[in-house]
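Given two chains presented individually in distinct reference frames, assemble the corresponding complex, making use of the accompanying hints.
These are the residues of each chain, in order.
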Amino acid sequence: MSTHGRNGAGRLAALGIALALCLGLAERTAAQTGTITGSVQDAVSQAPLAGAQVSVVGTSLGQIANNVGRYLIISVPAGQQTVRVEIIGYGTIEREVTVPGGGAVTVDFNLRQDAIALEGVVVTGTAGQVRRRELGNSISGIDNTDIEHTAVTDLGDVLQGRTTGVQVNDHSGQVGAASQIRLRGNNSLTQGNNPLIYVDGVRMESNPIGADDEGAQTPSAFDMINPNDIDRMEVIKGPAATTLYGTEAAGGVIQIFTKRGVAGAPAWTFSVEQGVSVMPHQGPGPDVNPSGLFLNTCRDPNILNHQTGEIGVDEPGCPANGSWFRNAHHQVYNMSVRGGGETATYFVSGQYGDRQGVVDPQGADNYNIRANISFQPADGLNIQVNSSYGRRNITWIPNGNNASGLYLNVLRGDRGYTPGNDDSLVLENEIFTHLDQYVTGLAVNWAPNSMFSHRMNVGIDYTSSDFIDFKGWGFYEDHAGNREVDQQFDRNLTFDYAGTLSYSPLDNISSSLSWGGQVYEEFNYTINGFDELFAGPGEQVLGGGNLPQVFEGRITVRNGGFFVQEVLGLNDKLFVTGGIRWDGFSTFGEGFGLAAYPKLQAAYTISDEDFFPFDFAETFKLRAAWGESGKAPGAFDAKRTYSATSADEQVPAVIISNLGNADLGPEVSSEIEYGVDASFLEGRISVEFTAYDQTTRNALIGVQEAPSGGTEQATLRNLGEVKNWGTETLVSFVPVRTDDIEWDVGVNFTTNDSEITDLGPLEDLGTSRQLGLPLWIRWDDILQNPDAIGELPEWEKGYIGNLFPTETVGLNSRLTLWQTLTIDVVGEGQYGMVRPIGIAYQNVRRRVWPGDGCPAIQDQYYSLSGSGSSRVATMGLPAADIARCIGPYSDQGMWTDAADFFKIRSASVTYRLPDGIVPGARSAQIGLAGKNLWTRTDYRGLDPEANDNGFGDSTPNEYYNMAPPRIMILNLSLNF
Amino acid sequence: MKKRIERFGLRALTVLTGAFALTACELEVLNPGRILDEDLTTRDLMPILVSGASAEFNHIGDLYAFDIARLTDDLSGTGSYFSTGQYRRGVFDNENSTGHWEQTHEAAWAAGSAWDRLQQVLEGEANSFAGSSRLFLLMGLAHRILGENFCEVVYDKGPIQPRTASFDSAIVALNQAIAIGGAAGASDFVTAAHGGIAQANVGLGNWSAAAQAASMVPTDFVHNAIYHQTANSNGVWNESWGRAEVGVWATPAQRVYDGDPRAPYTICGAWNDPTDPTKGVTPTGVCTGQGSGAHQGADGLTAHYRQDKYNEQGSDVPIVTGAEMRLIEAEAAMGAGDLATFTAKVNEVRAFYGADPIEQPATVGALEFPNAQDDAASILDRERYLTLWIEGRRLFDLDRWNHPFLQGGTLIGPGAEPRISCMPIPEIECTLNPEIQNSAACTG
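Heads up: the sequence lines are chains L and C, in that order. Mapped onto my numbering, the consecutive letters of the first sequence carry residue numbers 1 to 976. Mapped onto my numbering, the consecutive letters of the second sequence carry residue numbers 1 to 444.
Chain C extracted, bound-state conformation (with noise of 0.2 Å):
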């Protein structure tokens, strides 16, 4: 008995230990989620991968919008992220670009690189492919976006470079896709990568080619980051409406340009004494529904202003547009001292949204903080803030302007004197880029 037993035992062990050896040389992750390199290599998967480089730009749409929202006069700062505090007095350092560097460097990479995917499997069908149009336009929009926001620009690991780096490259871009869409026929795709030169334009300073661009689109044209309540919300909505993040308490869109149908807004909370925030916020009652209940702002204090612009979770937010277009050609008649002519491009924006039209200004003048409105330049800033209000433009107006906003500028509370007007290079880049370490942008 015993020795049966030692032999059954031996037997066991032996048949164990062998299936552990076979089970040990499987080792692979086993994988049904995981979309693998090679998986992606047939020629159905190609508008995939431009959706993909799409969502890669709409990751930073919002990401502006919002942002820059805090860092400018676009909104104000109600909430108790330590971010919104600290944006909210016009400070940004170089370790908080880091998600906007990254990310719009990625837009742009993620659009290069399915490129070069879809050239090894379309080959020649790329350059009539109107995927591949739409990923140059995203490509070009992206360098646009860099170009407007940060100080310098750093591409492939390089030297740092001016930024009209980034709009040089946007236009090389851009013309590419106008070339590809016009031989797949993917006009809209055109007529915004035709914008999108005439922002980059703006960018160099060459404003008769930016508005020879600009001539291009039609007043009702827009090209959108495009957001769905599920897929991908838009993060302005999410942080106005649900929650009370950022509100309109305070800015020029409450104070100063009341009641314009391009920044509407509704009063969730209403002071109990407007002379003394101490007092306290009553609901007004009118927020009701999805995730709006919030009468003041994240910070426990302030009446919650919340802005309309974006009333849905999937509201897009505007890339393109052709209203801006109109702008920038108002812009370089002002530049040029025609103000018949930039008068018209302006009462012509007004118009498409319904606003009256303005009289023609006496002369160019100057920028204040508030603005007096009395003036080209002081109505070509109103127009621009509510046209491209928290469409996260308005930081690069307001250094492109040297905006007196940017001296100490407050929105609820005390700024920083001079605020920002442009974002610093990050220092992962620094860190990880050898070429620039030594940069004063990386040492000072």
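Extracted from the complex, chain L is given alone in its bound form (with noise of 0.2 Å):
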């Protein structure tokens, strides 16, 4: 039996059994019994539902559905049975049949996906195994189907626009470039906002990896994963939900749950996935733009050159195709083989992918394999061992805010940093990242007894960067070349335990009191070397030049909390969940002590009380939860530390690094939610709503003395206070369903505001933090005149708008037409924030900029003699259009856009082959998806969501990095 055997039913089935046995039930002659075979498969798709838990009901017997959903009861007590079909993600499905003795009765399952699956187990933020139904908190969750009918070019996509209170960003068209996530928002001031990150109970590193420097963009441990080898995703999106994994966990915690095995013979999968990415239209439109800013055409003698204002563009260095673009090819190879016994199973698999990116040499390749062994060596005991390593060599162009970054050159025409505007001169600065990644992890699940169960996770995420930035001897901007390397090695261990004993001390009450502990440890080592002036185009590596530097980090911390969780069940309709959790953490001060994280939860299935009065609503469950997670400082904070530095010709020195501040503690956010989960007309239609309220307090920010005081570090202190609060909505509805036809939508909508309450002395950090003001804004000059004629513009500071969006809306459509064709669309709006343009900005005061009427008034302006402002004044113009267009009178808060978006993040089309159509396969399916499709924006940069500083920013600013490009991509998929 697979590990699902253990899972909720499982051990029902597991108590079946003792109660049997007490009962002292003898075997039963062949005679007295019979066989109950068939499949379990998905009702929509006809997909097999391998690791379906069949049981008959008031039996012991049970079975999971093999790897191709078949599955085979025997010994089952003839006469009129219940047979039960259970599986994660879907309805559970009960149905009559009678038993022949001595014979056996088929019995096929086609189940549906439930929106509101209250039988359903999660683990995450739980002390164990946990049914929906019990869960205080909302919990979101992705499953491979939604995976296969994405389209996917790395994780993030995954999560796009299905589910509430996840906002995932592309920041770059970079192949290989991370986006960036939020769970319900920020809720950090200083700390980071990156939600932690689990695979099979693993933590991985969940900050970015390597160095973004000349490509402007980084990489992720998170898209190392082979999104093929995931079976769900779970998702927690705050404090009231993440109490058990207490400091560090503020931010919410995503849960990747990769493949099983599953008893029978190998099933084999092979997909070949061959796809092209092209870049759309870039900069302001065609008629005044007719080149996109020189990158979709750099010579063409026909169109007009919005920098000179003449017919026909040649711009030096231009590709052979008159395009800096290219019609990038990708192609991605699968396969993966799933099978095994009773008592031991295994899913392997494998994946080769290179993707080009749209702008020459940029792409990506990666290796992934996968081996998930399971081993059930006795009854009770489920021991798993999941392991990967992936590989990803990505090579990256000069981007960015970088001199000689291809864009910047580019878009400013002959106003760009390049000799006699070469800028194909850019691309001989070579740029490499070089990722690997190893998790393996054991996972112990044991259950003694009825009554006992314990849950053991050991593992180690190990993740390297080799980042490669070179500039060879004769480069155009450092004649002698220079050579970056930096190197980033990240080990992430994990033990975790928790144990859980289950009784019912009353008929109708039961109780379920959890203790455990976990022990995180992050191990950081980085080397950064660099060198520079070359001797000549031979040895060019670290050492070979002549001003060789050499920088060495090592640090590692360490996490140690345990727990206790009480959590009493009343009728199965209403349960209370009290806990705390205890933390020590070495980048605490030495006077702090350990930190405490309560949470309480109640969860209440109304729907289920006799006293409920609407029968159209087959299940409404009310939930609220309270809880408080944290979040860690830096390593070092706590304690005075000098730095070492060279001072003079080279000669070292110490200067004050950090003051310290022995009474340090995490930051806290506490969170209470509460909502509803309620399905109706048989499921038909389900909602999913949840309103939330965090406070982090003890916010950790760097206030300093006085400057007049002394030194001018700032130290860290808990002192902040920030509130985040939001709804998040879902909505699920099935418009038709017939034998033929399913139609599956779904609408989400979330809102989330925030603001800073409290800086302790100061008023702000910085300009995107402000005292009463949301956590991340723009803030920047505002004209005062814009109407004022032939005056010059007056600005004064002021707000402009939030970075990221207050409202995010989810449109999700599936249509399934005769159990093979599926149609599935992937749509997401975010609105509410603003986004400096910072190449339109740029471009301006470059003369270089062709939108918003601005070559006119510039020609204009240039065309007058004089003072500037009698300029101006004889223009007769609104002051805006001066800030707008007149570079030394303009400003970047004038080129601040409204970020405002929708986009069809993914649409596919899979049609599952006719049975037989290749021969030997078990099942084929072809598909087209199509990702970046259409976008809707009045934004007037590249793309709304570009972000030139890497993931781990959280002040998005455009500023010369590449929009997404649209990416079709066609997939064939085999089963064996």
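Keep in mind that the hints were calculated from the coordinates and are not lab data. Incorrect hints may have been included.
[Claimed, not checked] If you anchor each label on the Cβ, the simulated ranges turn out as follows:
no.: 1; chain 1: L; residue 1: Gly766; chain 2: C; residue 2: Asp308; range: 33 to 41 Å
no.: 2; chain 1: C; residue 1: Pro274; chain 2: L; residue 2: Ala788; range: 30 to 38 Å
no.: 3; chain 1: C; residue 1: Gly354; chain 2: L; residue 2: Glu649; range: 25 to 33 Å
no.: 4; chain 1: L; residue 1: Asn327; chain 2: C; residue 2: Pro418; range: 56 to 64 Å
no.: 5; chain 1: L; residue 1: Leu570; chain 2: C; residue 2: Gln437; range: 53 to 61 Å
no.: 6; chain 1: L; residue 1: Gly766; chain 2: C; residue 2: Glu368; range: 36 to 44 Å
no.: 7; chain 1: L; residue 1: Glu763; chain 2: C; residue 2: Ala366; range: 39 to 47 Å
no.: 8; chain 1: C; residue 1: Thr230; chain 2: L; residue 2: Gly766; range: 25 to 33 Å
no.: 9; chain 1: C; residue 1: Pro418; chain 2: L; residue 2: Ala856; range: 29 to 37 Å
no.: 10; chain 1: L; residue 1: Glu310; chain 2: C; residue 2: Gln437; range: 54 to 62 Å
no.: 11; chain 1: C; residue 1: Thr230; chain 2: L; residue 2: Asp360; range: 33 to 41 Å
no.: 12; chain 1: L; residue 1: Glu763; chain 2: C; residue 2: Thr230; range: 37 to 45 Å
no.: 13; chain 1: L; residue 1: Asn207; chain 2: C; residue 2: Ala183; range: 50 to 58 Å
[As the list claims (entries may be wrong)] Looking from chain L toward chain C, a few residues come up when the C-beta cut is under 7 Å (computed):
no.: 14; residue: Arg415
no.: 15; residue: Tyr417
no.: 16; residue: Leu547
no.: 17; residue: Ser646
no.: 18; residue: Asp648
no.: 19; residue: Glu649
no.: 20; residue: Val651
no.: 21; residue: Ile655
no.: 22; residue: Gly709
no.: 23; residue: Thr711
no.: 24; residue: Glu763
All values reported here derive from a predicted model rather than from experimental measurement. Beta carbons: idealized from backbone N, C-alpha and C, even for Gly.
Shown next as structure tokens:
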């Protein structure tokens, strides 16, 4: 029996076995028993549901559907029986059958996905496996069906638009650039807001890996996971749900569960993806900008050159095809096999991918292998070993805020920095990131009897990054060349134990007492090397030049915590959970001690009560949760430290680095969330609504003494407070459900807002964090006299807008015809945020921005003589026109736009080929998927999601970085 | 079998839980890299502490040189930094001054902290340790820089004081440097301290004391903020050779004093039509080599006239020079109406740099912008401009002379009227110092 046999209902089966033994039931003779067999499959797609648990109600008999969805239960007492089928994510089905003595009955099950699956179990944020009906907090799930129907180029894609409270933004079109993920916005002023990532119970590196430097983007460990390996993902978004993760979990947790083996003969899957990326027209419209800012077309004698105002574009260095873009080829090959016997199962997979970027030579290739093996050496004991290795080689182009970046020089026409405007020279700057990731974990689930269960995870996530930025000897900008090599190694060790004692002190009361502890250790090792002034084109590695420098960093931080939790259930309808976690953390100050994070939850499935009056609502669950979790200070924030440096002519020196704070502790985020989960009309309509309110107290902020007192060094202190609140609404409905047509529609709507309510003695932490305003804002010059004719612009600094969306809308539609053809569309809109358009501002200053009527206004201004103010007076235009278009008077605040957008994130058509059409194949399907096919926005830059600072940054700015291209992917998948 | 597995499992869990508990007790940040406070208690480390104070001071040497150059007529802003566009109009607010205020105070504080530790570790020997003299020199010069550049000053989270308080503090510290340096035989520090006292007395308007201190410094003496191509590169070099954020085009050095050896520059890009900047720039091809490919400013428009005073990444920034001392003596003489001495001192400087001597001017006269160079005041303006070019000194000269450039003086783009002539106390000091929160400097 696989892992699933020990999950939820599996424990019921175990209980059944025990009861059966207690009752002294003896073996029956063959004549008194029969066999039940059949298959379990998805009602819509007819895909086999391997791992579904099939059981005979009231007996200990059960079976796990094998890897082709088949099951066989023998020795079933003859006569009338009820067969129940359960699998995570689907509604439970029960069917009455008559079992013939000495014979067999065939029962096939078609299961439908269930948006409100109260009996489904989850494990993220809980002490053990917990049914959703017991949960007081919301939890979002993504399953492999969603992944199969999504145009996926990196893992972040699968989270876009499908659920509430999850914001995933593509910052760049460079292949390998990570997306930024936020769960319920931001609640930390200084300690980062990336969620924690777990894969099969092992914590992964969730911060940027490697340098962003000349490529202006960073990869992430999250994207190293092969999406085809994923069985499902669970997302818990706030402290009310993440309490048991303790310190570091205030930004939410994403847990990835990879596929498991299932008993049966080897089942093979092969798939091939072939795709192409194309870049649509860039910048202002073709009427004023036919060349797409010289990107789409850099050579064409017949189109307008927006810089010169003449016909004909011929940019030096332009590639042979007349465009900086190419139609970039994607190819991805996947293989997996799973199978096994009663006591051991396996899932093994591999992937090779090669994805070109739209600018030659940008792109990335990857290799992934995985082996997940499960053992069940004895009843109640399940051991899993999950291991994966991934390799990714990324070739970047220099871009972003980079004087030798491609976009910066191309978009500025001949007002860039390349000699003779030959922008191809910048591509001689070779930039690579080579990533290796190894994740392995041992998971032991042990239920020695019906009352006790234990779960233990031990695992390691090891990620290394080798970043190379090389400008060889003879490079135009730095003739003698330079080379930077940054190597980073992150090792994350996880130990996690939880035990649970479940019993029923009274008939209608259940109790589940849990305890456990975790140890997490992060080791970070960096070597940053730099050299320059090479003697010639020969050896150009570190040490081969005349100015080698190297910097080494090694930091190990540890976190140890333990918890207790009690879940009391009344009539299996009302559940109250209380718990507390205590944490020690190596970065806390010596005087701080342990941090305590309490939680309290209640869940009430009121629809199970007899008095519930609404028959049309088959499920109606009320829930509320309150809990806390934290964010730890950095490695040496609590200690007074000095930095070694060089002074004068490379004389050793020490300077103050940090004054230290012995009382430093974590910032603590407290959250209350409440909501309802309901389904109506036999599951054809379901609603999940959650409102949450977070307060982060003792927020960590760097506060210095008044500078006149001496050092400028700020000391991290627990002085701040941030409030963060919002709502999450998810409505799923099935407008059409017939034997041949199933149309599922989902609409999700998320609101999120925040306010910095305390900064200790400070009024701001830089311009983007201001007291009394939302966290992460654009604070810049605002034009005060936009309509004043003939006057110079007058500015005043102020709040322009949020940098993160306050409203997000997701629309999902999946239409399945004749159980073979599926059309899936995911759209997402984000609203309420602004973004500085650095490219427009900087190009206006250089008179190379074709949009917004600026060329004519600039021509007028520069045709006049005299002082600036006299010229402006003569022009007689509103100050807004001057502020927008005339370089000396323009301002980045003028070029900060609302960045609202709606995008078709993914659209796919999948067709399951008729059986037998591929000889030997059990099934086959072909699909065509598109990404970024359509965008609606009034934003005037290249893309409203652009950010040249990489995914770890919370102050996005579009500054000469590549917009995400359109991608089409053709997929053929064969199952044997 | 089942029981055996259960027993094994129970033991395994016990061991692992115990291991967890033990590991959890070792909650320390493992630290092979950071230096802790308790590590700095041995005598051998004291020179390294002094070097640290020097490193702190070096942080401000090129900071002022670069920003003062952008704020004044030393260099024209030709780049794309937002601050450059603002500074070249002569606009500078209480957020812009944060770094200068903080780092200058920290330079003085670091020297004082190091002195405290020297006294603890070296005890009485600290009073005759050359490094101690250097610390007081650094401290005094930091005070002088604060006084020259800030309109008002604050110490130790106290009330607002006139900038003369900084000059007073500078003189106290520099006299201490002289006393200890004399005992330690650190003659260079002593000489530099005399020069610092002369500078501070200029700030106080004590011309006789200034001239007297200046006389202790020979003309060829130079005390620098020290830079190195890898350890701590010169920021002005980075911004004019590494990129073209500032240039000499349209400055007095190019338009009025062209060819003076004290203000060397190279034309990296030539205007296609000097009368029409919109016609673009053509590379001259002479700016090849390390980081100097740019023929036009980082603004993408302006021909790059690259300063060559700091022609290496490790070029030092002069802080005290004998040449400046002669000009202090000249200014003192001019103030006393002694134009013969004035002329002699100026010519001493010019001779030192290989420039032709001047004739004695007929009058003290008044300043103009651009400079007419026909009287003592104008000559002094020119000589200090050229001698102290890009050394972070020009703002104080403009301020104390109420220079006409401050009235909207324009380099490339239009200037504010008036341009700023001293830096305001930064907002962060107002926020964190209750003593001054209601002062006009913070509320006005």
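Status of each hint after checking the structure:
With their beta carbons about 36 Å apart, Gly766 (chain L) and Asp308 (chain C) fall inside the hinted range of 33 to 41 Å. A beta carbon spacing of about 34 Å between Pro274 (chain C) and Ala788 (chain L) agrees with the range 30 to 38 Å that was offered as a hint. Judged by the Cβ atoms, the range 25 to 33 Å given for Gly354 (chain C) and Glu649 (chain L) holds: they are separated by roughly 27 Å. Between Asn327 (chain L) and Pro418 (chain C) the beta carbons are some 58 Å apart, a value that agrees with the proposed interval 56 to 64 Å.
Separation of Leu570 (chain L) from Gln437 (chain C) is about 58 Å and conforms to the stated range, judged on CB atoms against 53 to 61 Å. The given range of 36 to 44 Å is respected by Gly766 (chain L) and Glu368 (chain C), whose C-beta atoms sit roughly 42 Å from each other. The supplied range of 39 to 47 Å is met by Glu763 (chain L) and Ala366 (chain C), whose beta-carbon atoms lie about 44 Å from each other. Roughly 29 Å separates the CB atoms of Thr230 (chain C) and Gly766 (chain L), a value that falls within the hinted 25 to 33 Å.
The given range of 29 to 37 Å is respected by Pro418 (chain C) and Ala856 (chain L), whose C-beta atoms sit roughly 34 Å from each other. In this structure the hint that Glu310 (chain L) and Gln437 (chain C) lie 54 to 62 Å apart at CB holds, the actual value being about 59 Å. Under the hint 33 to 41 Å, the C-beta atoms of Thr230 (chain C) and Asp360 (chain L), about 35 Å apart, fit the expected range. Between Glu763 (chain L) and Thr230 (chain C) the Cβ separation comes to about 39 Å, which falls inside the hinted range of 37 to 45 Å.
For the pair Asn207 (chain L) and Ala183 (chain C), the supplied restraint of 50 to 58 Å holds, since their beta-carbon distance comes to about 53 Å. Checking Arg415 (chain L) against chain C by beta carbon gives a least distance of about 3 Å; that is within 7 Å, so the hint holds. Against a cut-off of 7 Å between C-beta atoms, the interface hint on Tyr417 (chain L) holds, since the closest Cβ of chain C lies about 5 Å away. Taken as an interface hint, Leu547 (chain L) checks out: its beta carbon lies about 5 Å from the nearest beta carbon of chain C, inside 7 Å.
This hint holds: Ser646 (chain L) has a C-beta 3 Å from the nearest C-beta of chain C, less than the 7 Å allowed. Annotation: Asp648 (chain L) was flagged as interfacial toward chain C, and the flag holds, the nearest CB pair being 4 Å apart, inside 7 Å. With 7 Å as the threshold, the beta carbon of Glu649 (chain L) comes within range of chain C, its nearest partner Cβ sitting at about 6 Å, so the hint holds. Taken as an interface hint, Val651 (chain L) checks out: its beta carbon lies about 5 Å from the nearest beta carbon of chain C, inside 7 Å.
Evaluation of the Ile655 (chain L) hint against chain C yields a held restraint, the C-beta minimum of about 5 Å falling below 7 Å. Interface hint at Gly709 (chain L): satisfied, since its Cβ lies 5 Å from the closest Cβ of chain C, which is below the 7 Å cut-off. Interface restraint check for Thr711 (chain L): the shortest CB-CB distance to chain C comes to about 5 Å, inside 7 Å, so the restraint holds. Given the 7 Å rule on beta carbons, the hint for Glu763 (chain L) holds: about 6 Å separates it from the nearest Cβ of chain C.
Violation of the numbered hints given earlier is absent; every hint is satisfied by the structure.
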